[in-house]
Amino acid sequence: MSAHSHEGARKTYYLVFFALLVGTGLTVFAAFQNLGIFNAPVALGIAGIKAILVGLFFMHIKDSNRLTKVTVLAGIFWLGILFVLVLTDYLSRPWS
Amino acid sequence: MLQKYFPLWPDQASTVAGHVDALYIFLILMAIFFTVVIVAMVVTFSIKYRKGIHPIATQIEGSIALEVFWSVVPLGIAMVIFVWGAVLYFHLQRAPRQAMDVYVVGKQWMWKLQHPSGPREINQLHIPVHTPVRLTMISQDVIHSFYVPEFRTKQDVLPGRYTYTWFEATKTGTYHIFCAEYCGTKHSGMIGEVIVMEPVQYQIWLSGGSEGGNLASGGEKLFSSLGCITCHSGQSGARGPNLSGVYGQPQKLSTGATVVADDNYIRTSILNPQKDIVAGFGPIMPTFSGQVSEESLIQLVAYIKSLQAAPGQAPTAAGSPSRGTGTARGTPAGQNPGSRQ
Amino acid sequence: MANRPIVLDEAPGHEHGHSHHPMQQHHFDTMEQQYSSSSFGMWVFLIQEIMFFGGLFVAYLVYRHTYYNAFGEASSTLSIKLGAFNTVVLIMSSLTMALAVNAAQLGRRFLLMLFLVATMVLGTIFLGVKVIEYHDKYTEAHIPGSGADLGIIKIQPFCFHATAGPPCAADEEEHSAGKAENHSMQQATPETAPAPGETLTASAGQQPGEHGDIQAAAGSPRERSMPGAEIYFSLYFAMTGMHALHMIIGMGLLLWLLWNAYRGLYTAEYFTPVENFGLYWHFVDIIWIYLFPLLYLINRHLGHH
Amino acid sequence: MSTVTSHIIHKEAEVMPEVHYLNADHSLKSWLLTIDHKRIAILYMLTITVFFFVGGAMATLVRLELLTPAGDLLQSDSYNKAFTLHGVMMVFFFLVPSIPATLGNFLLPMMLGCKDLAFPRINLLSWYLFVIGGTFALYGMITGGLDTGWTFYTPFSTTYSNTNVITVGLGIFVAGFASILTGLNFIVTTHRMRAPGMTWMRMPLFVWSHYATSLIMILGTPVIAITMVLVVLERALHIGIFDPKLGGDPVLFQHMFWFYSHPAVYIMILPGMGVISEVIPAFSHKRIFGYKAVAFSSLAIAVFGFLVWAHHLFVAGISIYAALVFSFVSFLVAIPSAIKVFNWSATLYKGSIRFDTPMLYAFAFLGLFTIGGLTGLFLAALGIDVHVTDTYFVVAHFHYVMVGGMVVAYLCGIHFWWPKITGRIYPEFPARLAAILVFVGFNLTFFPQFILGYLGMPRRYHAYPEEFQVFNVLSSAGASVLAVAFLLPMIYLIWSLKYGKVAGPNPWQAYGLEWETSSPPPTHNFEHTPVVTTEAYSYGPKEGEVTLG
Ligand code: HEA
Ligand code: HEA
Ligand code: CUA
Ligand SMILES: [Cu+2]
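Heads up: the protein sequence lines correspond to chains A, B, C and D, in order.
According to numbering that gives the first Met the number 0, the residues represented by the first sequence are 0 to 95, in order.
According to numbering that gives the first Met the number 0, the residues represented by the second sequence are 0 to 340, in order.
According to numbering that gives the first Met the number 0, the residues represented by the third sequence are 0 to 304, in order.
According to numbering that gives the first Met the number 0, the residues represented by the fourth sequence are 0 to 548, in order.
Each hint should be verified, as a subset may be incorrect.
[Said to hold, decoys possible] Straight line, CA to CA, 25 Å or less: simulated DSS-like cross-link-like pairs of lysine-lysine:
1) D:K497 with D:K28
2) A:K61 with A:K10
3) B:K185 with B:K111
4) C:K136 with D:K244
5) B:K185 with B:K106
6) B:K185 with D:K244
7) D:K497 with B:K50
8) D:K291 with B:K106
9) D:K500 with B:K50
10) C:K80 with C:K129
11) A:K10 with A:K68
12) B:K50 with B:K111
13) D:K541 with B:K47
14) D:K244 with B:K111
15) B:K111 with B:K220
16) C:K80 with C:K136
17) D:K291 with D:K28
[As the list claims (entries may be wrong)] Examples of chain A residues lying across from chain D (beta carbon under 10 Å, computed):
18) V71
19) I80
20) T87
21) P93
Rather than coming from a laboratory, the hints here were simulated on the basis of the structure.
For each residue, glycine too, the CB sits at the ideal point set by N, CA and C.
All chains should be modelled from the sequences, with the hints used to inform the complete structure.
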């Protein structure tokens with residue numbers, strides 16, 4: 000990589016950092032609003048975006064090879080299996 | 000004969016036993032079929048193509064058609080088993096509406112059983128034949144599992160939550176109750192027996208039973224001694240909701256959700272009232288966690304169950320018309336909380 | 000055997016004779032292979048970490064579903080100020096770490112060391128704040144394993160103690176409106192006689208919410224009004240504790256990197272450890288990005304504060 | 000020595016290579032600090048053998064106790080500790096690392112044509128973690144024991160048991176990381192270290208199955224690790240997460256435990272399937288039937304294996320709808336296994352079959368795994384499981400797959416690669432005898448347990464009603480045959496180290512990179528990095544595709 004792109008990278012880091020700060024502010028703000036059933040989804044949505052930013056830019060997933068991307072997706076997918084299938088039990092219990 | 004000296008399955012003593020065994024036999028035939036296919040392939044090929052008479056192997060790469068064939072056929076068979084097993088399971092899990100209730104408390108290492116009409120037993124369960132019986136079970140300590148092989152039923156008995164199972168005996172006799180979930184030192188000693196009797200005999204047994212009074216009236220006593228009645232007086236303006244007719248009905252919660260008030264809901268309402276707050280009431284009910292034994296809880300639940308909606312009227316058990324604690328056919332009395340007073 | 004067609008041959012471009020990078024290990028053919036293996040290995044390790052934390056998150060999910068109200072109230076006892084502050088600190092440390100990797104890529108030793116130190120300082124601040132928060136929980140007796148008193152919800156957000164001590168009285172008064180509801184919950188002692196053979200230790204008039212009475216109140220079943228809250232605090236400690244443990248391990252690794260950087264091990268050609276550590280550090284950051292809303296921000300709009 | 004021509008003609012007596020990985024250095028330090036994957040494999044092999052015999056000794060106690068209905072030989076507490084020690088040792092410290100950490104460790108780099116695993120030091124670390132974990136567990140088991148069963152169900156394990164849950168729990172936690180690191184190493188090695196020309200579709204099926212196994216190790220093991228942490232915390236601090244008294248749900252523990260432990264049963268069979276996929280072609284001298292189908296079915300098992308865990312909880316108090324889902328997927332996961340079994344059998348077709356010991360074990364595997372797997376279908380059928388869960392039917396099922404499947408495959412692989420590992424051949428006659436004894440003893444031990452289970456005998460029972468005695472006696476009788484059968488290889492394999500015939504690089508005329516180097520191989524496996532130009536199992540020129548009918 001050339002020195003130039005490293006400079007570009009630094010600029011991205013600062014931008015991402017800024018976006019993460021905004022996200023943090025936003026999520027605190029949102030927590031105090033009554034969004035009905037959407038409070039939790041909004042909080043998780045913001046967290047998700049922040050996580051994606053960190054992943055894509057700080058962890059360079061954006062510029063990495065396909066194997067890395069597949070690996071990350073696999074991790075998320077398996078986490079999904081754990082969550083979803085455990086919840087199939089808890090959400091369909093008559094009452095608990 | 001064979002079954003006597005070399006039994007392959009236990010007695011079929013419940014309505015479901017035959018169904019379970021039918022699927023079992025189907026599965027055995029399926030297993031024999033596939034095992035024979037595999038063994039036949041191995042044996043014939045081993046003989047026909049052993050090095051001595053077949054020195055040069057033919058290099059075969061594979062066959063898509065065959066791959067599809069031996070994926071799809073097992074898949075089809077598997078789906079048959081799945082559906083069959085699932086239908087059976089739903090049948091096993093859902094007690095008929097009219098079943099007679101028995102309450103079970105498991106603890107290390109004994110079974111305590113309570114009939115709604117009063118009698119309590121330890122490690123013994125007397126039931127009438129040809130009567131569906133629904134068990135509402137809870138554990139005082141660790142997980143146990145209520146298992147009667149002859150009935151082909153089993154259900155884990157959990158601490159902290161009611162679980163259910165049911166059966167309808169078809170043969171009089173005495174059968175083992177095993178504890179099937181490992182529960183510590185005397186797990187293998189946590190054995191009891193179900194005694195299936197003719198209805199008449201059962202009636203006789205019932206009337207010779209203990210004089211403890213029935214579950215619901217026991218619950219009523221607790222209801223006043225624990226002070227529930229002070230808030231749940233049933234009068235309008237009482238601090239707590241009127242509990243008449245609550246059982247089995249959907250309850251509106253302060254969060255807007257509704258839940259059906261089943262046994263677990265009532266139990267939790269007593270032990271952890273803050274978990275779900277009934278709409279229109281404050282979170283003022285104190286917890287009774289740690290103060291009421293599982294047996295007492297069962298009595299309270301049975302009592303609340305026995306209360307029928309009677310608007311504006313204070314709940315009383317003694318004269319209250321009972322509802323739903325059991326009107327199983329074949330048990331002319333005994334299932335009715337009020338009937339033995 | 001005629002059919003033996005695997006060729007054992009010299010792999011093209013490999014054999015001794017051309018010089019190896021000093022950091023190349025013997026079993027790799029090229030530096031490139033070594034680099035891509037380590038980096039992929041790190042990612043696989045992180046996948047493992049995802050599942051590791053996943054176990055905690057699934058427990059959280061189940062109990063938040065089960066004890067929806069209790070989680071909300073218990074969450075309100077955490078200080079958003081501290082949580083948000085720590086979030087910012089951690090994000091900042093992620094930035095410095097990214098910059099450290101960048102410096103390493105450019106082979107700027109001094110800059111690399113500088114950013115590593117910065118990351119360490121920020122990590123230390125984070126852990127320091129965490130210690131304060133834990134200590135607050137300790138004084139409030141919201142500690143798992145301390146017994147029955149866990150269920151007592153004492154409300155005191157926005158109460159920043161630079162030095163840990165008893166919750167500030169001012170804050171308590173400020174939020175007394177919110178407290179009333181909670182206290183009534185615990186005080187509501189019905190006029191009942193205890194059932195025979197069953198203990199009933201709480202007596203009417205006791206103020207379990209009051210500071211200092213907590214120990215006395217402990218063990219009273221009457222005060223255990225919220226089993227869900229106990230689980231919340233257990234999960235809070237388990238999750239943030241596991242996170243903090245990862246941070247502590249990270250600090251150790253940072254020291255090691257710093258030492259190596261000081262020795263001049265990392266050059267523009269070889270900086271894999273720095274990069275891999277960066278991945279780890281960002282991952283830990285991501286965990287916190289989720290922990291913050293999940294633990295600190297539940298149902299704040301209901302105004303438990 | 001490893002030029003191509005030198006071993007094409009090998010009529011002369013084989014000689015041992017002068018330098019190889021075993022005699023490269025003799026000091027103890029050279030073993031304990033080795034980063035050679037082959038030596039680490041040997042270290043693992045010795046360790047798990049110890050654990051196997053500890054587990055086996057406990058099995059002996061269990062079977063002796065069950066000879067009579069009364070609980071006469073052991074106190075109930077001792078019995079509970081015996082089967083727990085048996086289960087924990089066998090599962091976590093023997094079967095999970097059995098093939099992957101020994102044969103896998105040894106062979107994976109060789110089959111891929113590289114000098115070592117990607118992270119040799121991490122490989123050594125893995126062994127140390129394993130030993131530390133095992134020591135913890137053994138220590139805990141000896142000082143006070145453990146009586147929770149290998150499943151650690153809460154709240155028994157967290158609140159009611161008086162035994163060393165914490166020590167053993169930590170042991171499993173630590174050993175879990177050994178497993179994770181092994182998996183990590185395998186995955187990275189498979190992706191990054193393949194020799195030139197070694198494409199994915201040229202990899203031996205042994206590698207494919209280890210790749211699939213490693214996926215499970217990476218994705219499943221962390222969950223059991225954190226679950227163990229929670230159990231330890233629960234026990235030490237009463238954090239309430241699994242304690243119903245504090246509002247926790249014990250069934251959540253079961254979900255978390257089986258999220259790992261069901262996939263883990265595939266950790267305990269996939270490597271064995273890999274061994275069988277090597278051995279059957281080798282002794283049929285024929286390429287495997289349906290290479291791709293077998294390869295991808297390994298991956299399918301690994302993925303679908305994660306979707307079925309709650310079939311262990313059908314009566315545990317989960318929602319009946321969830322049970323439906325898990326039962327359904329349990330049937331799906333059987334299909335890839337079916338594909339494998341049929342492809343192995345079809346591989347024999349028109350082969351040129353020899354009956355050396357490894358092949359006998361492979362046949363035993365086919366039969367026993369089939370029975371074990373098919374009885375798995377019984378258990379996956381909801382209506383049947385209600386009756387047979389937690390009875391000896393389950394015990395029989397899993398011994399069929401774990402002992403009849405994996406242990407048999409392990410023995411199969413040990414015999415097959417023994418010449419490669421040690422440079423010498425085991426004596427054929429006792430080996431065949433042992434193989435036959437294993438088969439006979441095994442069936443005698445565990446077949447009666449199916450019947451016992453259906454008759455309703457619950458597992459983990461230290462005393463039982465008299466009507467069950469006949470089958471129990473049969474089972475105990477079988478176990479003594481089995482014990483002898485397992486002791487025999489110990490004796491003759493050790494004997495062969497000194498007196499066995501020198502094997503030469505490729506005694507079986509098998510096909511694969513590992514047979515291209517000397518036996519035992521040199522420290523760096525190959526004199527030169529190999530270049531691969533053919534598919535796996537190229538035992539001869541291909542025929543056209545066969546068609547149905
Ligand atoms: C090596 C380990 C291993 C393997 C491979 C398997 C494989 C399978 N297991 Fe098993 N199992 C265990 C180890 C294993 N199991 C253990 C240890 C326990 C008990 C743990 C405890 O409680 O202590 C257990 C328990 C267990 C249960 C829970 C029982 C209970 O406690 O109630 C169930 C239920 O579904 C089950 C199902 C299956 C199925 C469907 C497969 C399938 O993968 C099998 C697939 C294979 C085949 C089907 C055979 C080959 C196919 C053919 C010959 C073609 C014909 C096929 C069809 C018609 C589909 N197993
Ligand atoms: C890899 C897994 C594995 C293996 C190989 C075995 C091997 C054997 N198992 Fe095991 N078994 C399990 C895994 C395994 N088991 C698990 C997971 C459980 C469940 C535990 C639980 O419920 O928690 C279980 C439970 C279990 C039970 C049920 C106990 C109960 O529920 O009460 C029984 C009963 O017969 C049994 C028997 C055997 C026998 C006879 C062998 C034989 O194959 C063993 C033969 C080997 C030997 C005998 C070793 C040879 C060595 C010697 C003979 C030297 C011995 C030295 C002295 C005696 C000093 N096992
Ligand atoms: Cu109770 Cu086992
Ligand atoms: Cu399973």
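Outcome of the hint check:
no.: 1; hint: D:K497 with D:K28; in the structure: holds (23 Å)
no.: 2; hint: A:K61 with A:K10; in the structure: holds (15 Å)
no.: 3; hint: B:K185 with B:K111; in the structure: holds (16 Å)
no.: 4; hint: C:K136 with D:K244; in the structure: holds (22 Å)
no.: 5; hint: B:K185 with B:K106; in the structure: holds (11 Å)
no.: 6; hint: B:K185 with D:K244; in the structure: holds (22 Å)
no.: 7; hint: D:K497 with B:K50; in the structure: violated (30 Å)
no.: 8; hint: D:K291 with B:K106; in the structure: violated (54 Å)
no.: 9; hint: D:K500 with B:K50; in the structure: holds (23 Å)
no.: 10; hint: C:K80 with C:K129; in the structure: holds (12 Å)
no.: 11; hint: A:K10 with A:K68; in the structure: holds (23 Å)
no.: 12; hint: B:K50 with B:K111; in the structure: violated (67 Å)
no.: 13; hint: D:K541 with B:K47; in the structure: holds (21 Å)
no.: 14; hint: D:K244 with B:K111; in the structure: holds (20 Å)
no.: 15; hint: B:K111 with B:K220; in the structure: holds (21 Å)
no.: 16; hint: C:K80 with C:K136; in the structure: holds (15 Å)
no.: 17; hint: D:K291 with D:K28; in the structure: violated (43 Å)
no.: 18; hint: V71; in the structure: violated (13 Å)
no.: 19; hint: I80; in the structure: holds (5 Å)
no.: 20; hint: T87; in the structure: holds (5 Å)
no.: 21; hint: P93; in the structure: holds (7 Å)
Hint compliance for this structure: hints 7, 8, 12, 17, 18 are broken, all remaining hints hold.
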